[in-house]
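Protein chains: 4
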Amino acid sequence: MAITKRKIINDPVYGFITINHPLIFSIIEHPFFQRLRRIQQMAMAQLVYPGAVHTRLLHALGAYHLMCMAVNELRDKGVVISAEEEIAVKSAILLHDIGHGPYSHALEHVLIPHTSHEEISLQLMQQMNNDLNGQLNLTIQIFTNNYHKPFLHQLISGQLDVDRMDYLSRDSFFSGVSEGVIGYDRILKMLTVQNNCLMVEEKGIYSIEKFLVARRQMYWQVYLHKTVVSAEKMMVKILERVRELFQYTDESIKTVPPLDFFLGEYTGLMDDQALAHFCALDDADIISGIKKWSYHPDPVLSLLCKRFLDRKLYKSRIQAEPFEEEFVQQKLTQAIQQFGIQPKEAHYLCFTGMATNTTYQRKDESINILYKDGTVKDIAEVDNTLIQQNLSAQIKKFYICLLT
Amino acid sequence: MAITKRKIINDPVYGFITINHPLIFSIIEHPFFQRLRRIQQMAMAQLVYPGAVHTRLLHALGAYHLMCMAVNELRDKGVVISAEEEIAVKSAILLHDIGHGPYSHALEHVLIPHTSHEEISLQLMQQMNNDLNGQLNLTIQIFTNNYHKPFLHQLISGQLDVDRMDYLSRDSFFSGVSEGVIGYDRILKMLTVQNNCLMVEEKGIYSIEKFLVARRQMYWQVYLHKTVVSAEKMMVKILERVRELFQYTDESIKTVPPLDFFLGEYTGLMDDQALAHFCALDDADIISGIKKWSYHPDPVLSLLCKRFLDRKLYKSRIQAEPFEEEFVQQKLTQAIQQFGIQPKEAHYLCFTGMATNTTYQRKDESINILYKDGTVKDIAEVDNTLIQQNLSAQIKKFYICLLT
Amino acid sequence: MAITKRKIINDPVYGFITINHPLIFSIIEHPFFQRLRRIQQMAMAQLVYPGAVHTRLLHALGAYHLMCMAVNELRDKGVVISAEEEIAVKSAILLHDIGHGPYSHALEHVLIPHTSHEEISLQLMQQMNNDLNGQLNLTIQIFTNNYHKPFLHQLISGQLDVDRMDYLSRDSFFSGVSEGVIGYDRILKMLTVQNNCLMVEEKGIYSIEKFLVARRQMYWQVYLHKTVVSAEKMMVKILERVRELFQYTDESIKTVPPLDFFLGEYTGLMDDQALAHFCALDDADIISGIKKWSYHPDPVLSLLCKRFLDRKLYKSRIQAEPFEEEFVQQKLTQAIQQFGIQPKEAHYLCFTGMATNTTYQRKDESINILYKDGTVKDIAEVDNTLIQQNLSAQIKKFYICLLT
Amino acid sequence: MAITKRKIINDPVYGFITINHPLIFSIIEHPFFQRLRRIQQMAMAQLVYPGAVHTRLLHALGAYHLMCMAVNELRDKGVVISAEEEIAVKSAILLHDIGHGPYSHALEHVLIPHTSHEEISLQLMQQMNNDLNGQLNLTIQIFTNNYHKPFLHQLISGQLDVDRMDYLSRDSFFSGVSEGVIGYDRILKMLTVQNNCLMVEEKGIYSIEKFLVARRQMYWQVYLHKTVVSAEKMMVKILERVRELFQYTDESIKTVPPLDFFLGEYTGLMDDQALAHFCALDDADIISGIKKWSYHPDPVLSLLCKRFLDRKLYKSRIQAEPFEEEFVQQKLTQAIQQFGIQPKEAHYLCFTGMATNTTYQRKDESINILYKDGTVKDIAEVDNTLIQQNLSAQIKKFYICLLT
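From first to last, the protein sequence lines stand for chains A, B, C and D. Per the working numbering, the very first residue in the first sequence carries number 1; after that it's consecutive. Per the working numbering, the very first residue in the second sequence carries number 1; after that it's consecutive. Per the working numbering, the very first residue in the third sequence carries number 1; after that it's consecutive. Per the working numbering, the very first residue in the fourth sequence carries number 1; after that it's consecutive.
Since the hints were derived computationally from the structure, they do not count as laboratory data. Cβ atoms here follow ideal geometry from the backbone N, Cα and C, with glycine treated the same way. Keep in mind that the hints are not guaranteed to be accurate.
Stated by the list, open to error - Here are the computed distance ranges between Cβ atoms for each label pair:
#, chain 1, residue 1, chain 2, residue 2, range
1, C, E244, A, E365, 53 to 59 Å
2, D, K315, C, M354, 52 to 58 Å
3, A, E240, B, F25, 28 to 34 Å
4, B, K396, A, I318, 46 to 52 Å
5, C, G15, D, D383, 32 to 38 Å
6, D, A380, B, N357, 16 to 22 Å
7, B, K377, D, T356, 20 to 26 Å
8, C, T144, B, F25, 39 to 45 Å
9, C, F323, A, N145, 42 to 48 Å
10, B, Q194, D, A380, 19 to 25 Å
11, B, L275, C, E381, 53 to 59 Å
What the hints assert, rightly or not - Straight-line distance between alpha carbons at most 16 Å, and here's what the computed EDC-like set of lysine to aspartate or glutamate pairs gives:
#, chain 1, residue 1, chain 2, residue 2
12, B, K397, B, D298
13, C, K292, D, E201
14, C, K312, D, E321
15, A, K5, D, D76
16, C, K203, C, D383
17, D, K396, B, D383
18, B, K372, B, E240
19, C, K315, D, E29
20, B, K377, B, E201
21, B, K254, B, D272
22, D, K5, A, D76
23, D, K397, D, E345
24, B, K254, B, D298
25, D, K312, C, E29
26, A, K7, D, E321
27, B, K344, B, E244
28, B, K372, B, E244
29, A, K77, A, E202
30, C, K226, A, E73
31, D, K7, A, E73
32, C, K377, C, E201
33, A, K7, D, D76
34, D, K5, A, E201
35, A, K312, B, E29
Take the sequences, apply the hints, and build the full model.
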């Protein structure tokens, strides 16, 4: 009897996740991966949905689990996936978010400007690939869509990838928002491959509808919830203020070297030194920074930090039309007077913005339905689906945030 | 139509939690309560159960929800609970863990020696009571069991309190360990009151059995899981080493004032200054500290911190008998040689200990079963229950932890 | 301490249902209500979804449970509902389906033509009201919408009534079709009353969307699933054949008096005798009848019955356009030849039909959204909802069923 | 790409069940298997737990699903199971209950005396094997434990078989009794094979404990619930009375041939004719019979039948000691007077009995724990488990049933 090292991990969403290959163990045990344990998946959503504190590490494991299921289903239908491809695509999904910094999307362009998390993910994968003597070669090919079976890449990144399936399932689970629950198991059973491209069987149409509607609801009800936006913008404004104060080389603004680096020095060149700093960053640095800055002499900075810690956030409003310039000016003036700050700092206390969401975009990548007779249709062209006008249109909402 | 401020909070465990009283709002918005958002309920259990990252704030809200249910059920059975008592007992359960420090039980006696979290809870409640002009008077009476209806205190702290019901339900939910699931809703429906004491109706016996068995299983499978113990002991050893290094007044060991205070100065007197420091502490301080100390020149400290961050924990073993002295000595010698440390520091790398658990203790407080004919029996005396010999006995397990 | 008779019933969907009023006990213990135990809620859906075997009795209890929740929520918001109104509206929901016959909707107009189940429900309520000395007077007023608080009637029968909320929740639960899950608890928390009419709070819009989308999906995926339709039509055809054979007063077609009555004699007059027969009917009569008729000398009848019992159903196809006359003729001819039957009987073996569904109909009763500023909008007029074109349009699908 | 016929079935308990082999399709489509659709798994438990109306067909499919999981897990650990063995063991579990008659255990020895359901299962398998040209040869070998890999039989019938895992999971799910929930997925992951015998890995001990405790609770709380027992005994008494009346060859007692056969003629010889009658029987025959007999001139029979239909059951009491003879006599006398029946018929209205349950029996088949060092221990010998005295002892409870 061949004995393989084998581990099962409890997951509240799927029950059990099985790890049964040495490369998967190596990835999970790597410090790059363990760092994800200290980064929350949903950033500030926990200020509205207090259960939503799960980590990016668990999301990565969950997406890996769905990939295991997807590979099994596709093989059961006769799709050829070699043992090497299997491990590569599983490794790729484990690593797809490895380049996320603290509080993920909420801080992405503020903390590390000019470099996307996908670029950093790729750099980190390459570095791990060196550590692992090239075992990630195929993983990187698939991740960068340079492999001759595009469906493997589509499983990682596409309209119906296991990344989305996991984050919708997981975020709705932990936040307790049942509106976001999708039938991931049914969708997986409906996937198929034609000409090396991912398709959905005809009878899976309603599950796809459900998936797109759930995704839309999670955006408006959770990810773009006005209080969540308000909290994330407050964190953003804090970091912007810190970055501004760094220009006066005030020592008191410093916290720890990696954070000092990205807030004071980083110019957009992700070289080895920058990458090393990146790998040392996690959510705790931001929270500790905010706690320290809440005692900083700059009144704007300490005000924002104290408010953040005590969850006394900006009041926010959301509407379908942009806010009138006059109305905004009035609110700015009010903030200046109330808090005794200078007009040039008023934008820290009052500002407007726009949130957008498109449920289904045909341009980039479409969801293709494979009919029994072999024809293929984009889901937006199927009769009587919900996906037509409404779900394909981009929806814009305008918000104003105001400290009171 | 009377309009009351009313808020519902999504909770993945119970669905929705309703807040509908001004005092409850005041408590939840208080910085003392918001601090619990930054303290994880299950400390290092997340290193084994990656979903178990929920916060003490959510536990407090959950226990409050169960208390709302308990009050409704008891009233529906004719138990008299006044409006004032209702708010007081709900406030008390919200505040019952307010005195927990970073990583709760894992660090309790290490970070803040000589003072229990219950004592701090009471001090913080008294301080909040001042802020709230005495609105918490009855709350404190009930919390300290100085009220003439003991069942209200028993609902907060007893063999069958809503605290335990929530943490078992919640911890099993987030860890994904189905063995810990209890029928909290059925237990609540079986509660009753006789002579102002909490009782369980006869037909609730099997639910109580299930509750005690689930609790036992959570202890051995989760709370005292050998890897969880290993991780928590590593954190403990790190703080002990820091405290030791503080004796040499080495500035480089310092991190932030509240942590420096408790690791370098605190003598056990929880005065106003100490309490202010306490209120500024949360999990992020510990993690940030460990990250900083991982670069500290002390080899023992930096070794433990690096290992902790990368989840390269002590190897541990657990057994029913104490470990032989000779065996332990041999392991200590091995550690000294492998890591080139001094013998007096070996206890940081290798040590033994004992974990105990008693599922049901009759001495302190018992679970009383009320029969239809009015007689009352301790559950351990009921025929054919599981609670007799096995669940009443204290079980000891011995562990050894070793860095390799 | 006042002791009230009190009973809790386990329900897999909601956990526990509490019965705590003598009138509710009387209704539940009445033979009219107990009869619902022998009538399945989803008729032939179990031939596709084998878990969907729950009874109408459980649906009635579930809807009653949601009514209890609705009353509590509305009162908590200041809506005045008297104790008498509370019991009346709870009684009404328990009794709303009391007039359903065997296999409910599937056989409704076939087994008991000319009389709707609502009419029978009302007759049975009146009869029970006599037995109960007028205790159901207010119940009947509310049920027939003759009470001055229309919102009580709307909770029983309207676009957002607890009947629909229960059947969607319950049918998706038992069938295992997660696409039909709705957030019933959130919807209930979003209900409110203005001018005695039921409204939904603004922030409940997404839950309503979810509800309507789920309903739509249950229709197409479950209730109108082509194999479910095929099975129900087979049962209908069997009864039609039996009714036809009754015209020849063939004794061998008879089974039990109540079924014989409705298949052989009933002319549409629901007098006391007819009602007594009705109350003696349940699913078992139909199944036993089919088992008996499977040995009947009429070849069409015995064929259909055997096929039904062995689940060798009509093959069916569904499409957006009506089937071509020529195509249908060809299939009819094929059936005649294959089974050696007479042309006039061919319609038992091959036939076409149309299934329709409108997710949201504004005409009858609308779902009104109450905004914070007091304005009211029909949900179909709210910006960016899914409910506009798509969900308001009636969708028609055409099917053909064919025995092969 | 090889195209296999493949079907997924929604199951509320496990999500989806996949059928992907021609023999499995043949079995499921066979009339013997479809008959199980008309037999409820939990007999009269639905009179207490109204959700518990699921069928034996669904249980068989569920057990099949667990078998699929078990085969995958064991193979993943290196246990060799050939493709032929896989299909055979899956077929065997699908067919393991094929010999159950109406209302399964409740009527087993009353309706078809002298022949166990296992014997009938085997006869029906042999008949199906003829229909299927010997494709079930290996299935039958495994079912009868005549195959050289006993672990395959143990998966079907043993202390830890998938039959028990499914019925505990399913019965607790449908009844809504959370006390019976087991961690079937964890148990399956803990199974292993040594020397061709089924074992459990050391770290699965707590899951086994949970399983045995859950089983014990289901017995006392559900299967042997006093009202469930009361309802089942009422059905038994009805059939006993019918059998008695058959001795007087009263035509009016007859219903349908198969039921007449087993109540009037069957002598214990399960020949072809008897088997054909058996295959025509299901729950509907019993219910229809009871409905007919409720009008029968025999006062005892019609009384019991009317009471049964209206759920006006025997009152029952349960206690740890046998009931005093004198007390029983008094109740009998009371029944004779109240209902004006003859003394020899009193046992239909009042009787006593005993219910027993042993949670864990070592004698027949034990649960073996495989330690990492290769040693094997019976779970009852493991330190500190719950299984020792309490769960191994047979518990007896005594009941009395009385019509009032």
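**Study point:** Violated constraints from the hint list, given by number and in increasing order
**Key:** Failing hints, ascending: 4, 10, 12, 13, 14, 18, 21, 23, 26, 28 and 30.
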